[in-house]
Amino acid sequence: MRPTLEVLDPLIPARRRLAVRLLLLGSVLTALAYWASSQVRLDPVDRHLLPILATGFLMGGLLLHYRPGTAPWLLPLVHGLLALYLLASLAYQLLLKPNPLGLSPAAYWVPFVYFSAFLFFPARRALSLARLYLLTSLREGYQEFQVEAQTDFLTGLYNRRYLDLLLPQELARAKRYGRPLSLVLLDLDGFKAVNDLHGHEVGDRVLQALAQRLEAHLRRSDRAVRLGGEEFALLLPETPLPQALRLAERLRRAVEAMAVPPVARITASFGVAEARPTDTPLTLLKRADEAMYRAKRKGKNRVEAAPK
Numbered sequence: 001m002r003p004t005l006e007v008l009d010p011l012i013p014a015r016r017r018l019a020v021r022l023l024l025l026g027s028v029l030t031a032l033a034y035w036a037s038s039q040v041r042l043d044p045v046d047r048h049l050l051p052i053l054a055t056g057f058l059m060g061g062l063l064l065h066y067r068p069g070t071a072p073w074l075l076p077l078v079h080g081l082l083a084l085y086l087l088a089s090l091a092y093q094l095l096l097k098p099n100p101l102g103l104s105p106a107a108y109w110v111p112f113v114y115f116s117a118f119l120f121f122p123a124r125r126a127l128s129l130a131r132l133y134l135l136t137s138l139r140e141g142y143q144e145f146q147v148e149a150q151t152d153f154l155t156g157l158y159n160r161r162y163l164d165l166l167l168p169q170e171l172a173r174a175k176r177y178g179r180p181l182s183l184v185l186l187d188l189d190g191f192k193a194v195n196d197l198h199g200h201e202v203g204d205r206v207l208q209a210l211a212q213r214l215e216a217h218l219r220r221s222d223r224a225v226r227l228g229g230e231e232f233a234l235l236l237p238e239t240p241l242p243q244a245l246r247l248a249e250r251l252r253r254a255v256e257a258m259a260v261p262p263v264a265r266i267t268a269s270f271g272v273a274e275a276r277p278t279d280t281p282l283t284l285l286k287r288a289d290e291a292m293y294r295a296k297r298k299g300k301n302r303v304e305a306a307p308k
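Read in the working numbering, the sequence shown has 225 at position 225, and its numbers run on one by one without any break.
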């Protein structure tokens with residue numbers, strides 16, 4: 001029998017075993033890439049071809065294991081299946097999908113042309129490229145899933161899960177380098193009445209307008225988080241208490257100036273705390289929360305600071 005595609009020569013048992021393992025691994029990676037993509041959204045190419053690709057890898061690996069003589073036609077078929085998926089995916093990215101990287105369309109031609117010669121590559125390079133592409137797709141899908149998992153759907157701000165991950169890191173960094181870190185908690189005053197009187201659609205618009213005001217007043221290093229309902233948090237690295245209080249007061253005035261018809265007036269109460277060397281994430285949140293509720297008790301629509 002004439003040796004087939006380079007490293008996957010079925011006449012050599014070690015190489016045949018390698019081919020079987022690569023195909024089975026490819027099936028697992030493809031299935032994982034399909035799952036990761038489905039957590040956010042599936043492109044038409046992924047929706048139709050990834051299940052076929054995963055099944056093809058699995059069947060190809062099993063067939064090659066039990067019937068090595070199928071390699072002369074099986075391996076080119078697998079390569080063709082890979083080529084079809086890669087070319088279809090790249091063509092979709094290039095021609096139909098809104099540019100995800102902010103690049104000129106010409107920037108996609110290099111990989112497009114490169115993969116167009118896929119069928120002519122020796123098997124070792126072909127499978128390496130396939131694994132690299134699938135791993136990249138899996139990583140990108142996982143990153144998109146992480147972003148979705150840490151983002152509040154309604155406002156586009158970060159959510160409580162993100163704060164729970166970030167606050168310990170920022171607190172540890174502030175302690176290590178002796179830098180200031182402040183936390184602001186704010187809660188809309190009388191928000192339940194807004195929902196009761198005007199409905200949740202109006203309430204949602206109020207929350208979205210508030211999120212826009214918060215982001216407009218923050219630096220790139222600051223983080224705005226929706227904790228849930230009408231409660232929000234601002235994490236302010238490199239910010240001592242006086243500066244955080246000034247920011248909170250500006251935000252209080254900005255919230256008071258918001259116009260979201262038919263709501264007549266919108267206000268919020270703020271609590272501000274600067275991290276102590278002995279603070280944990282829980283104690284810092286508690287001190288800011290106590291300051292915020294003190295602002296509520298003193299008449300609402302005001303800023304209160306936690307004791308240093």
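These are calculated hints, taken from the structure and not from any lab test.
Among the hints, a few may not be true.
[Stated by the list, open to error] Okay, derived cross-link-like pairs now, PhoX-like style, lysine-lysine, Cα gap no bigger than 25 angstroms in a straight line:
#1 Lys298 - Lys286
#2 Lys298 - Lys175
#3 Lys308 - Lys192
#4 Lys308 - Lys296
#5 Lys192 - Lys175
#6 Lys296 - Lys192
#7 Lys308 - Lys175
#8 Lys175 - Lys300
#9 Lys296 - Lys286
query = So which of the earlier hints does this model not fit?
reply = 2, 3, 5 and 8
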